[in-house]
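Peer 1: Listed below, chain by chain, are the residues.
Protein chains: 2
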Amino acid sequence: MRLATLRDGSPDGRLVVVSPDGGSCAPAPYPTLQSALENWANAAPQLAAVTTFPDALDPEAIIAPLPRAWQWLDGSAYQSHGDLMNAVLGIAKPETDLPLMYQGTSDKFYGPGDDVKFPDEALGIDFEGEFGVIVDAVPMGVKPEQALGHIKLIVQINDWSLRTLAGPEMKTGFGWIQAKPPCSMAAFAITPDELGNDWRNGRVCLTLKVDWNDRQFGAANGEPMGFGFHELVAHAARTRDLVAGTVIGSGTVSNADFREVGSSCIAERRGIEVIDEGAPRTEFMRFGDTVRMVAVDAAGRAPFGMIEQKVVKA
Amino acid sequence: MRLATLRDGSPDGRLVVVSPDGGSCAPAPYPTLQSALENWANAAPQLAAVTTFPDALDPEAIIAPLPRAWQWLDGSAYQSHGDLMNAVLGIAKPETDLPLMYQGTSDKFYGPGDDVKFPDEALGIDFEGEFGVIVDAVPMGVKPEQALGHIKLIVQINDWSLRTLAGPEMKTGFGWIQAKPPCSMAAFAITPDELGNDWRNGRVCLTLKVDWNDRQFGAANGEPMGFGFHELVAHAARTRDLVAGTVIGSGTVSNADFREVGSSCIAERRGIEVIDEGAPRTEFMRFGDTVRMVAVDAAGRAPFGMIEQKVVKA
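Protein sequence lines correspond, in order, to chains F and X. Per UniProt numbering, the very first residue in the first sequence carries number 1; after that it's consecutive. Per UniProt numbering, the very first residue in the second sequence carries number 1; after that it's consecutive.
Just so you know, the hints here were simulated from the structure itself, not pulled from any lab data. Don't take each hint at face value.
For chains that are exact copies, the list does not tell them apart, and a pair is met inside one copy or across any two.
[Unchecked claim] Taking lysine-lysine and the BS3-like style, the derived pairs with C-alpha atoms no more than 25 Å apart in a straight line are:
{"hint": "1", "residue 1": "Lys93", "residue 2": "Lys171"}
{"hint": "2", "residue 1": "Lys171", "residue 2": "Lys152"}
{"hint": "3", "residue 1": "Lys152", "residue 2": "Lys310"}
{"hint": "4", "residue 1": "Lys310", "residue 2": "Lys209"}
{"hint": "5", "residue 1": "Lys117", "residue 2": "Lys313"}
{"hint": "6", "residue 1": "Lys117", "residue 2": "Lys209"}
{"hint": "7", "residue 1": "Lys143", "residue 2": "Lys313"}
{"hint": "8", "residue 1": "Lys117", "residue 2": "Lys143"}
{"hint": "9", "residue 1": "Lys117", "residue 2": "Lys310"}
Okay, chain F solo, but in the shape it has when bound (with noise of 0.2 Å):
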């Protein structure tokens, strides 16, 4: 099953089920994708009925499959883009056994097409291209066992980022707040049964292909996460309870042959620069730069549709 959200003018816009092959749509029996998860066990069932799409389905009038959500928590659990960003950063290796994890700002996500607004280019903008899962309600004390069930959807994000300011805010330890203004998600938030053996050990296993100004940049494979989400879910889910809707990221898709498969971050190419030349060659984002993302499977089936953006002055 796959999901949009049409623009209405309202925040949370209007939820449609997707035809399979993705050119149409029918209204959903639930008006929002949020009231859905609220009451997904119901929802499901209903969702997956509707197999008739009366209407086209129109790229343009597409917005993030949850507009704005009550908590997004993204992880960082590729090993090899952790060690090139700490490279890249100056950062020591963090001691510690447990998955990264730093709370976002989740009361917007931008849309798979728009136009996306920075005040300053000298501030490093940054795409990192990665895969979401959004919950059910989790009750506090989860194990990834259990939490395995509460994934409920898939998502594919772009997690825009600041880097001048990320290195500062991370020495604090307070985490970012200005290095991570809100992120985009991809067209189509779909059932983990849409991705089929895809979909295995809690792990995205499609190739997550990312264009900067239309040359390939990278195209790294989502499976080689060092924690699964089921795993992410339970650790942000030790000390509280998670809401329906909670989205949770995997942080930038990353392998360890990065220098074959190239990277989902433009930072992550930096570090290897670093390592490799003693010091990062390549720029970041222009106003005006465009960023293309979109994972696909061995088919060339592209389950969540694309991220198509532009960076633009705020």
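Let chain F serve as the given structure and place chain X on it in line with the hints.
Peer 2: Chain X only, in chain F's frame:
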């Protein structure tokens, strides 16, 4: 104007306007505080026009004035608190001239009388008495002097913290997840004019009385913030628009003469013990312990009402 929210089974509760004596209330012309904040230019005069209060205000029915928010950003604006926390956590003073701020979980704020649940006493259960402001929609890049006008309501907050987890999470640079479960709010959200001259320079110049297990623990005054709330709002909005209903906290209220006035959290007292005696002596909270927090003015009046809670095992 003082506003409260009453339990009605819905996540956002039902907004009421509270009488000057705090004993009675009237239904508000907006169903929830969030809905009023999204239309504040219209809502404020309509709420202020309510001058008859036909209903007795049942303290048991009061939940947090904003039971959930789209965004919660908490500063750490009292230098004397920061210095003591660095001492107790063994963390160097952050090298920044900017406000310290973290993004916290906002999908739930406990009400003033709710029991507060934690999984384990060994996590270092601690209270943090502070003040907070609620803004209407704030545009990215707002200046502090403009931000002052976006502060529509003031609240009193208990920022629950799990100290055993806090230090290790800080060292990751990602900020707090497990160490910062949901906060609590005192009974009333008030307009700044309610404080008269005790609201000045973007600071709540009231004494925050904190009792732990019915014994006075602290009575620090809110005035000596290193940054005013307007500066915290501007910091938060540097790279993002702030959604209406964003809550911004002061951090633990603390005064330089903490040995005389006491502290608003246990960790701070432990920091004093580390400095004075070489090691902390005061233990953190146990299940069954209570904390009461009330901000009072020179006349003994308590504009926010009270927080009075018990910690229990989840």
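Peer 1: Using 25 Å as the alpha carbon limit, work out where lysine 117 and lysine 310 are close: within a copy, between copies, both or neither.
Peer 2: Answer is within; shortest intra-copy Cα gap is 9 Å, inter-copy 45 Å.
Peer 1: Measure nothing new, just compare the shortest in-copy and cross-copy C-alpha distances for lysine 117 and lysine 209 to 25 Å and report within, between, both or neither.
Peer 2: within (23 Å within a copy, 43 Å between copies)
Peer 1: Reference check for the pair lysine 310 and lysine 209, CA-CA at most 25 Å: within, between, both, or neither?
Peer 2: Within. Shortest intra-copy distance 17 Å satisfies the 25 Å Cα cut-off; inter-copy 51 Å does not.
Peer 1: Is it within a copy, between copies, both, or neither that the alpha carbon of lysine 117 lies no farther than 25 Å from that of lysine 313?
Peer 2: within (5 Å within a copy, 45 Å between copies)
Peer 1: Between lysine 171 and lysine 152, at a C-alpha cutoff of 25 Å, which is it: within one copy, between copies, both, or neither?
Peer 2: Answer is neither: 35 Å inside a copy and 32 Å across each miss the 25 Å cutoff.
Peer 1: Given a CA cutoff of 25 Å, do lysine 93 and lysine 171 count as a within-copy pair, a between-copy pair, both, or neither?
Peer 2: For lysine 93 and lysine 171, the Cα distance is within 25 Å both inside one copy (13 Å) and across copies (10 Å).
Peer 1: Check lysine 143 against lysine 313 for me: Cα-Cα at most 25 Å, and say if that holds within a copy, between copies, both or neither.
Peer 2: Classified as between; 18 Å across copies, 44 Å inside a copy.
Peer 1: Taking 25 Å as the upper bound on the Cα-Cα distance, should lysine 117 and lysine 143 be classified as within, between, both, or neither?
Peer 2: between (39 Å within a copy, 18 Å between copies)
Peer 1: Given identical chains, is lysine 152 near lysine 310, meaning Cα to Cα at most 25 Å, within a copy, between copies, both, or neither?
Peer 2: neither (30 Å within a copy, 34 Å between copies)
Checked against the numbered hints above, the structure breaks hints 2 and 3 and satisfies the rest.
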